Amino acid sequence: MTTTELTDTEIISRVLLGEQAMYAKLVERYQNYVFTLVIRFIPNREDAEEVAQDVFVKAYRSLADFRGDSKFSTWLFTIARTSCISFLRKKRPDLQSLDNEKTGLQLENRDSGFRADLVEQKSRHAMVNEAIGMLSADDSQVLTLFYKGEQSLEEIGRIMGMEANTIKVKLHRARQRLKDKMEKHFQQEVREMQDD
Amino acid sequence: MESEIWKRYSWKGSTAVEQEKEMNMETPNEMEERLWNFIDGRASAEEQSLIRELIGRDAAWERLYRELLEVNQLLHAQELEMPSMRFTKNVMEEIARFQVAPATKTYINKNIIRGLTAFFLLMIGGILVYFLGQVHWVSNPTDTIIPKYNIDAGRINWGKALNSTAVNIFILVNVVLGFILLDKFLQSKKAARS
Numbered sequence: 001m002t003t004t005e006l007t008d009t010e011i012i013s014r015v016l017l018g019e020q021a022m023y024a025k026l027v028e029r030y031q032n033y034v035f036t037l038v039i040r041f042i043p044n045r046e047d048a049e050e051v052a053q054d055v056f057v058k059a060y061r062s063l064a065d066f067r068g069d070s071k072f073s074t075w076l077f078t079i080a081r082t083s084c085i086s087f088l089r090k091k092r093p094d095l096q097s098l099d100n101e102k103t104g105l106q107l108e109n110r111d112s113g114f115r116a117d118l119v120e121q122k123s124r125h126a127m128v129n130e131a132i133g134m135l136s137a138d139d140s141q142v143l144t145l146f147y148k149g150e151q152s153l154e155e156i157g158r159i160m161g162m163e164a165n166t167i168k169v170k171l172h173r174a175r176q177r178l179k180d181k182m183e184k185h186f187q188q189e190v191r192e193m194q195d196d
Numbered sequence: 001m002e003s004e005i006w007k008r009y010s011w012k013g014s015t016a017v018e019q020e021k022e023m024n025m026e027t028p029n030e031m032e033e034r035l036w037n038f039i040d041g042r043a044s045a046e047e048q049s050l051i052r053e054l055i056g057r058d059a060a061w062e063r064l065y066r067e068l069l070e071v072n073q074l075l076h077a078q079e080l081e082m083p084s085m086r087f088t089k090n091v092m093e094e095i096a097r098f099q100v101a102p103a104t105k106t107y108i109n110k111n112i113i114r115g116l117t118a119f120f121l122l123m124i125g126g127i128l129v130y131f132l133g134q135v136h137w138v139s140n141p142t143d144t145i146i147p148k149y150n151i152d153a154g155r156i157n158w159g160k161a162l163n164s165t166a167v168n169i170f171i172l173v174n175v176v177l178g179f180i181l182l183d184k185f186l187q188s189k190k191a192a193r194s
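For the protein sequence lines, the chains are A and B, in the order given. Number 132 in our numbering belongs to position 132 of the first sequence; there are no gaps in the numbering. Number 174 in our numbering belongs to position 174 of the second sequence; there are no gaps in the numbering.
The shape of chain A in the complex, shown without the other chains (with noise of 0.2 Å):
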């Protein structure tokens, strides 16, 4: 079996056993998830890369006490989590609640940016991740784990701290703001792929 078919349990046994290398698949597996999950936070690449590595980091020296009753990538997002909030406290205490959308100068800024860039024709993929960064965290967390996390209700209730109908409730409220954002800031796009 080559190390890529092997399931992330098994990878983690044999990191316990002592095959430190054998991290790095874990690391690849999952960079991509675990840095869109932190962006959605921290916006700034260079922050968001950091407390990403963190958050592996975190997990390696944790590894022992991951007792496989989870998904490890449930266990890992909500690793993620948390040093998300660690670090918005630590370097930002006047901080927005998670919950509020990102409004005033912030929003202003990705209005002219994509007002601007109009004339080039966005892609799908563009205008749907630039939708969601209007969004507040906490939307666009549970949008990005719901969707490309393969987490269910439950799991994202787990790595949010919430239950899991609050967790439906929102999801349902973060498509609702999604398809308002797309509509108001995309109409043109949105108009042309009805079109299509």
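No lab work stands behind these hints, which were simulated from the structure alone. Please note: incorrect hints may appear among the correct ones.
[Unchecked claim] When the alpha-carbon atoms are kept at most 25 Å apart in a straight line, the in silico PhoX-like pairs for lysine-lysine are as follows:
| id | chain 1 | residue 1 | chain 2 | residue 2 |
| --- | --- | --- | --- | --- |
| 1 | A | Lys58 | A | Lys25 |
| 2 | B | Lys105 | A | Lys71 |
| 3 | B | Lys190 | B | Lys105 |
| 4 | A | Lys25 | A | Lys71 |
| 5 | A | Lys168 | A | Lys179 |
| 6 | A | Lys58 | B | Lys189 |
| 7 | A | Lys58 | B | Lys89 |
| 8 | A | Lys58 | B | Lys105 |
[Stated by the list, open to error] Per the computed footprint, the stretches of chain B lying under chain A, defined by three or more beta-carbons under 8 Å from a beta-carbon of chain A, are:
| id | segment |
| --- | --- |
| 9 | 28-42 |
| 10 | 71-81 |
| 11 | 84-90 |
Note that the structure is a prediction, hence the values are computed from the model and not measured. Idealized CB from N, CA, C, for every residue including glycine.
Once you've looked at the hints, dock chain B against the given chain A.
Positioned in the frame of chain A, the structure of chain B alone reads:
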């Protein structure tokens, strides 16, 4: 319109006609919620059939369904952000300086926790018994027992209290428990070192 399809379903215990009325009166928000449940596959089989019929029959439901489906597809198509090319290398360099920490359960001894709990419970219990012993219970004319508190610290005879057998036993037990805890702690430290 009382179509045949309504007769087949029973939603929230209402009749087919009531269901149709309910559905027609739904706000766009409620319609969205039902449609998202349908798209996510969380709707029951009955609900799914009902919504399928509605989408096929009602232009408003169909339009909203198409919109939400588009959003759903876009969300599935969202791209993950990629860190720098050196990311894995940086992590591996960083973890090379560390070792996997032993699992928490291996160094948190349940007996120590139990011992600490017993120690504090005994202390609280002892203090409570002592202070209750200081209360003078008197009866008033209506035969109701009202405690008369006499816990002025200045008037407590500490010498007498500390010389009583019960308190001496209490202190002795606590000292023994303290030694047991210290022993456990030193043993665990020695084991971790070896």
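Violated hints - listed by number, lowest first:
none
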